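Visitor: Here is what each chain is made of, one letter per residue.
2 protein chains.
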Amino acid sequence: MFFKEGEDGVKVYRLQPVQILALGFAAVILIGALLLKLPISSSNGQSTPFIDCLFTATSAVCVTGLVTLDTGTYWSLFGQIVILILIQVGGLGFMTFATLIAIILGRKITLKERLIMQEAYNAFNIQGIVKLAIYVMTITFSIEALGAIFLATQFVPEYGWKKGIYFGIFHSVSAFCNAGFDLIGGFRSLTPYVENVVMNLTIMSLIVIGGLGFGVISEIITNRNYKKLSLHAKVVIFATFILIGLGALSFLVLEYNNSKTLGSLSLKGKILSSLFASITPRTAGFNTINLSDMTVASKFLTIILMFIGASPGSTGGGIKTSTATLILMTVLSVIRGREDTELLKRRIPKDLVYRAIAITFISFILVIVVTMILSITQEGDFMEFLYEATSAFGTVGLDLGLSPRLNLIGKIVIIFTMYSGRVGPLTLALAFARKQLCVSKAIKYPEDKILVG
Amino acid sequence: MFFKEGEDGVKVYRLQPVQILALGFAAVILIGALLLKLPISSSNGQSTPFIDCLFTATSAVCVTGLVTLDTGTYWSLFGQIVILILIQVGGLGFMTFATLIAIILGRKITLKERLIMQEAYNAFNIQGIVKLAIYVMTITFSIEALGAIFLATQFVPEYGWKKGIYFGIFHSVSAFCNAGFDLIGGFRSLTPYVENVVMNLTIMSLIVIGGLGFGVISEIITNRNYKKLSLHAKVVIFATFILIGLGALSFLVLEYNNSKTLGSLSLKGKILSSLFASITPRTAGFNTINLSDMTVASKFLTIILMFIGASPGSTGGGIKTSTATLILMTVLSVIRGREDTELLKRRIPKDLVYRAIAITFISFILVIVVTMILSITQEGDFMEFLYEATSAFGTVGLDLGLSPRLNLIGKIVIIFTMYSGRVGPLTLALAFARKQLCVSKAIKYPEDKILVG
Ligand SMILES: [K+]
Ligand SMILES: [K+]
Chain A
0 MFFKEGEDGV KVYRLQPVQI LALGFAAVIL IGALLLKLPI SSSNGQSTPF
50 IDCLFTATSA VCVTGLVTLD TGTYWSLFGQ IVILILIQVG GLGFMTFATL
100 IAIILGRKIT LKERLIMQEA YNAFNIQGIV KLAIYVMTIT FSIEALGAIF
150 LATQFVPEYG WKKGIYFGIF HSVSAFCNAG FDLIGGFRSL TPYVENVVMN
200 LTIMSLIVIG GLGFGVISEI ITNRNYKKLS LHAKVVIFAT FILIGLGALS
250 FLVLEYNNSK TLGSLSLKGK ILSSLFASIT PRTAGFNTIN LSDMTVASKF
300 LTIILMFIGA SPGSTGGGIK TSTATLILMT VLSVIRGRED TELLKRRIPK
350 DLVYRAIAIT FISFILVIVV TMILSITQEG DFMEFLYEAT SAFGTVGLDL
400 GLSPRLNLIG KIVIIFTMYS GRVGPLTLAL AFARKQLCVS KAIKYPEDKI
450 LVG
Chain B
0 MFFKEGEDGV KVYRLQPVQI LALGFAAVIL IGALLLKLPI SSSNGQSTPF
50 IDCLFTATSA VCVTGLVTLD TGTYWSLFGQ IVILILIQVG GLGFMTFATL
100 IAIILGRKIT LKERLIMQEA YNAFNIQGIV KLAIYVMTIT FSIEALGAIF
150 LATQFVPEYG WKKGIYFGIF HSVSAFCNAG FDLIGGFRSL TPYVENVVMN
200 LTIMSLIVIG GLGFGVISEI ITNRNYKKLS LHAKVVIFAT FILIGLGALS
250 FLVLEYNNSK TLGSLSLKGK ILSSLFASIT PRTAGFNTIN LSDMTVASKF
300 LTIILMFIGA SPGSTGGGIK TSTATLILMT VLSVIRGRED TELLKRRIPK
350 DLVYRAIAIT FISFILVIVV TMILSITQEG DFMEFLYEAT SAFGTVGLDL
400 GLSPRLNLIG KIVIIFTMYS GRVGPLTLAL AFARKQLCVS KAIKYPEDKI
450 LVG
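Residue numbers (numbering that gives the first Met the number 0), protein chains in the order written: chain A, 0 to 452; chain B, 0 to 452.
By construction, these hints were calculated from the structure, which means they are not laboratory data. All values reported here derive from a predicted model rather than from experimental measurement. Among these hints, one or two may not hold up.
One copy or two, either will do: identical chains are not told apart, so a pair holds if it fits within one copy or between any two.
[Unchecked claim] In silico DMTMM-like links for lysine to aspartate or glutamate, alpha-carbon gap of 20 Å or less:
1) LYS349 / GLU338
2) LYS259 / GLU378
3) LYS226 / ASP380
4) LYS226 / GLU338
5) LYS269 / ASP350
6) LYS269 / ASP292
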């Protein structure tokens, strides 16, 4: 099918970029799974069951971090580097890579490719899309390099130069891409470093910057002045820091006397790990305290934070901070008797609010259905199922120990959920909604009311 | 403060009816609690702790059915009749009673009183509001009388004439008002009658009719023709029967082999109790199978059904079937690329959709916060807390055994939740939003966009 220019043409074929994105992710996942299937990928030199390769590849490309096999001990160096590349491809989005290759080959970037990238970055318009792609990669590699240096200062004394630098790079990429894969071993994540200030601050900074979204990062670098930022950037920055602050405070209060989590730590450790617990659901997936030892209230709070997730056009998942803010502001506007949703003295158009509702509710339904399927097919309790489903949808990667215990059905369901979460459930729904193609000149029905609430 | 007529006046004081309704409910609850506090209210002739009186009175007036003391064994006949009257008052809404008294006294009903009733019934306009009130009572008492006769045919053989007829009346009123209080004893609800066809069908019919809302019942009686029904009535009837059908089918599948619930029953019993399990969260609160023995998936499904609840202007709670439908249709409209929410070939205005969002999200936040508080202050597991919080918010009355174990803080929180659920969380938010009073001539901000999802 060829791309037709002109207003009507764009309307008729507007789903194409979405479909290409969805299929592109799937293709990269499949290639990754096949590479991991090779005997040289595992540390024992034997071929791994395909479902676990597919699970790991999906988790890496979708920057989730849920694993059925411990990354640090099960996979060989080759396998780990495959995972690292999948994380980087997934984090940047494969279209950035396609653009990179196109630029290297000196080929002209077509309008269609620009449209696909626009969809990939969730950008408003098509201008400057290529410039943005180059920006994205420059920023990504610079920040990851800086992060790797900081982390290496901690890893080198422990593991020596070679392994220390490798660990620095791996965890820096994994943190900035919000992937949550770690090489520490024994499914321990970063728990050995709970009181390590440099490690904590570096990882947290990488997670937060990665989760703001490339557009916002680029705006901050370009403008350096709060007033000049777009409404979107302001909202995302506000929402991110309010969520981090309130979350950290809540975790500190809820876990302060829990001897299995914060109770035994120094005050510095308590503050660091509360902050970390609040930041990791945005949607990194590392942890410095044992998640299954947290109080019920903390686990529930983590689920809510994971569901909200990071910001649009970032390496993170979830319904996104801006979506949650838009819905909250709509509720406040209704309570205040305003006709439109208002946000920082701006009116938000109806179609955006409706889109936010659609994203939120499709995500809810996805999490509910996945939780139901898990509860029917797996051994465990309700909290574990809801936690796992939300973590997979939000591409977070935190779990209460369920992932390694999943049976075949469980693995397939979680693979599908991670994929839907990364591509976006609304995007997927749109990609498969054929009706979308023929609504240009639809009839307009008469208005009518029903009672609510 | 006096009521001013005229357009502007109505705008300025529109919250008054809401506030009066909220305070009215509170006053009736307080009177009920004081009556239950009297020694003659308890079967052992001793005064009951005030917090349990308040809990029981709130549960009765808010037609919830959660109890800390077993209704059938703890309370005396006097206490039970107090509860029955509170249920009837709460079910009809105290304004209907105020109207009744006014009519009996031959007093003219003022515009203000009509406005309060309009708010109470969630009606579109003020015309025919008094006629509706008379209708409401005629319909209520007729249906309850009919239900009582059917139920008495089952209770009289078991308990004799006097007690049998009393049980018939009590359970008929409790079912039609979606209150869920029972006199069977030992917190057993209707489990002894799991295979009793007459009992099951009567109770289910009373619940469903009571949950449709008086406006819809009155429309059905007046029109008797589907095509002539209002959009609202069609939506409510559709949604109710789809929820019942899908719910019953799901429970049948999920519990078919569960030896503790449906497994040991005859096929007739299996079908009856699946139907009952699907109908009772709309928001009656009786149960014929042991709820804590259900599978995790069934419990989760019950929570979702309880959250949705019954229809507006009915004796039931929850966010309401029409609210859920409106949000679902908005999501579908976004996926289909439509500009407006469409429902049975009608466009729904934006303000109604926004109101539906507000109701749903305030309710979500309420349930989340209550679940959190319960998990911090009570002994039990996450599922019990979420179940109890949703049940209290939806004025459902189903629980997994937590209510009788609640400590003082738990009781206070659940009392507040039942009250908020009955008055409506958005209504409460509006009642306390002072800003509402001065937005008539507000400035209109410029439009702007942000990225979502
Ligand atoms: K992640
Ligand atoms: K009830």
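Visitor: Each hint: holds or not?
Guide: Hints versus structure:
no. : hint            : verdict
1   : LYS349 / GLU338 : both (10 Å within a copy, 9 Å between copies)
2   : LYS259 / GLU378 : between (24 Å within a copy, 18 Å between copies)
3   : LYS226 / ASP380 : neither (48 Å within a copy, 47 Å between copies)
4   : LYS226 / GLU338 : neither (26 Å within a copy, 33 Å between copies)
5   : LYS269 / ASP350 : neither (43 Å within a copy, 46 Å between copies)
6   : LYS269 / ASP292 : within (15 Å within a copy, 40 Å between copies)
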